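Using the sequences and the accompanying hints, generate a full structural model.
Number of protein chains: 2
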Amino acid sequence: MKNYIQLNEETVVDYIKKKMDFFQEDAEFTCDEIGDGNLNLVFRVKDVKNGKSLIVKQALPYVRAAGEDWPLDINRGEIETHILRIEHELTEGLVPEVYFYDQEMYCMAMEDLNDYIIMRYGLLEFNQYPNFSEQISDFLVKTLLLTSDVVLDPKEKKERVKEFINPELCLITEDLVYTEPFHIGARNNMEEALEEFHRQEIVEDQELVLEAAKLKFDFMNNAQALLHGDLHTGSIFVNERYTKVIDPEFAFYGPMAYDIGALVANLIMNYISTKAVLEEGPLKEKHMAFLRQSIKEVIDLFKEKSYAMWDGVVKDQMAKSKGFKEHYIQDVLVNTAGVAGCEMVRRTVGFAHVKDLDSIPNDEKRIQAKKDNLSLAKVLVKNRHEIVTGEAYLELIEKYL
Amino acid sequence: MKNYIQLNEETVVDYIKKKMDFFQEDAEFTCDEIGDGNLNLVFRVKDVKNGKSLIVKQALPYVRAAGEDWPLDINRGEIETHILRIEHELTEGLVPEVYFYDQEMYCMAMEDLNDYIIMRYGLLEFNQYPNFSEQISDFLVKTLLLTSDVVLDPKEKKERVKEFINPELCLITEDLVYTEPFHIGARNNMEEALEEFHRQEIVEDQELVLEAAKLKFDFMNNAQALLHGDLHTGSIFVNERYTKVIDPEFAFYGPMAYDIGALVANLIMNYISTKAVLEEGPLKEKHMAFLRQSIKEVIDLFKEKSYAMWDGVVKDQMAKSKGFKEHYIQDVLVNTAGVAGCEMVRRTVGFAHVKDLDSIPNDEKRIQAKKDNLSLAKVLVKNRHEIVTGEAYLELIEKYL
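Chains as they are written, first to last, in the numbering used here: chain A, -12 to 388; chain B, -12 to 388.
Possibly wrong hints are sitting among the right ones.
If chains are identical, the list can't say which one is meant, so a pair holds when it fits in one copy or spans any two.
Computed list of lysine-lysine pairs in DSS-like fashion (alpha-carbon distance at most 27 Å, straight line) [what the hints assert, rightly or not]:
no.: 1; residue 1: Lys(-11); residue 2: Lys142
no.: 2; residue 1: Lys129; residue 2: Lys36
no.: 3; residue 1: Lys5; residue 2: Lys36
no.: 4; residue 1: Lys262; residue 2: Lys201
no.: 5; residue 1: Lys201; residue 2: Lys312
no.: 6; residue 1: Lys302; residue 2: Lys312
no.: 7; residue 1: Lys369; residue 2: Lys307
Calculated from the structure, these hints are not laboratory results. These numbers come from a predicted model, not from an experiment.
Structure below.
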């Protein structure tokens, strides 16, 4: 930590000029701290004269939202850089380009996605992204299947498992997604009007808690593929044409279902939000139809593309066995539904919420939306073995929402 | 490798005298290379005058049986030392004590178990070990359950996963246990009289190969507990009273079932051997009864002791959920049967055999024993979800042998 200095909007311009030849001589700089996460400072450095910009992201040695008493491994930026480079290569640009990583300042510079919007905010403005499910399913299949034992040399895969072991951030997920929401207290956070429902429908539903425990141990033990590890709609930049996945700091070797399930859950929660917030009319219809289609396509395209890619990429001789592909993908999809349910529970009653649900202005509608969300989540966890097609999700949405 | 010199029976005495004060001044030394493994030189250094002895084990930079063209990570001795120390503490002495590890010579000195016999040879002499199943089930429960996420701090557990990642030796298992025996060729090794049976009953049984593929991926991905990784009867020293597990060089974080299954398989193969070799009579009856009891008890005592220990040691809050203990142990036992089946297949048609089967002198009886072994193995793999009690094993043995 000898040469670590926390950057600010004043110092970051000089810092970047020293580090790389990105900007022109006559640049006129603006600089804004644009971070909304909990773990980093994020600056946009822009030359307004020539229209060039980049992003500087510096790790803080503690989790920001929790204050300085929650220490975290500050080297995660280096891991993130490596992950982004791997994902950039695997997906042909579905993540931003990294220009450099500075080991002394725990700081990276990367492509500015200034004509993109964070998907969660885009969805909350009821925008649709027609290429999203096509592109994100590409991201999922390529980053997951191509980093698994199905494809990678087993020695190389194990070296990667080792490199990307991520105890600090995995523990956050283990606690905040898979443990605390299923109990009373800890860092849980919910409206008083939800407390009784939470106790009865979540904490006291022993079958639900048991199934969540199984999913937790799958998360902890199943080193299947190199996950993004935090693939909610706040980790995705979108515009009308493109998709870019950001913030892979939680990445580690874990179950594929964790990425797919987190994503689907966040689409479902935007659906619930939209349903509660918008008046009946063409915008509501259009946005909800887009979400239904996206949910369906994320599941179905993941399966379709995995199947289509399998024969061409599979290296493991046993993975070529008749029926194995179907078993493998089925198993991922089963746990995807389970993960989606856990994510929906924790975003309602746990420490970290989503704006989609919290921003529903009408109290009664918001509480009802959250209860509906929890009810659907329970079904996803408990009946996950039957929820393995896009159509199955749509039927549940129809029935419970 | 700068200071690495391969030891021999002449040089090892001087080496050990320089390294530690174990022997007395007036010692009269004998020294024998006693290794029968493939990866190491093993010497017994003995002071015949005062009756003290120890074992020196030096890693070779290649797999011995395969010649110098199969390079292996020579640092595995250091890992082995760490594992033995962990296991020694967890099991209160069910593994030998390590005196030192020498990083330059890739060499360790450890307790000499000179009043013990390698269990495989003891069983081939039709000896019984009345305390074995009690002690080995202790070893299994303590080394497996106490190194899992159920008990260990999740951060510490992940640091251990990282430390004990073992790509070289895992690959041997992945190839020799889980891949080659289910195909024609490669390093497979069997009597001509078995080739047709192997092709029809193993290679062409698509359901069997698919289930083996699932077990292979469980082996590769399921970082459940710190395994021994090679727990056959050649890795166990026994005498009338005690049991000591040796040679944990294959150790890594993997599925608990892998250790339990390998052990049970080797007991079953001795049973098959005994049945074929001995004339009817009290010795045969006695030895087969001992083996039946041991097979039953390994399974049942693992379950019983895991259940008994669970509440007192479990730390993970979700692992305390009602029904989780039963689910967790059941899952281990299901895959135990599957692993046992794979081990029995590979010891019959794969690269590394067991003396139990190969030493049956009568050709016809030996081939029949091997076919019976393969037939039982198939059932263990394919029906593993129903084979979760000691009684279930005994019923299968009754039916197929």
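Results of checking the hints against the structure:
For the identical chains of this complex, Lys(-11) and Lys142 are inter-copy neighbours only, at 26 Å across copies versus 35 Å inside a copy, given an alpha-carbon limit of 27 Å. In this homomeric assembly, Lys129 and Lys36 never come within 27 Å of each other (Cα to Cα): the closest approach is 38 Å inside a single copy and 67 Å across copies. In this homomeric assembly, Lys5 and Lys36 come within 27 Å of each other (Cα to Cα) only inside a single copy, at 20 Å, whereas the closest approach across copies is 74 Å. Proximity of Lys262 to Lys201 under the C-alpha cut-off of 27 Å is found in neither arrangement, the shortest distances being 32 Å within a copy and 42 Å between copies.
With identical chains, the CA atoms of Lys201 and Lys312 are at most 27 Å apart both within one copy (23 Å) and between copies (10 Å). With identical chains, the CA atoms of Lys302 and Lys312 are at most 27 Å apart within one copy only, with a shortest distance of 12 Å there and 36 Å across copies. For a Cα distance limit of 27 Å, the shortest separation of Lys369 from Lys307 across copies, 18 Å, qualifies, whereas the shortest one inside one copy, 31 Å, does not.
Violation of the numbered hints given earlier is confined to hints 2, 4; the remaining hints are satisfied by the structure.
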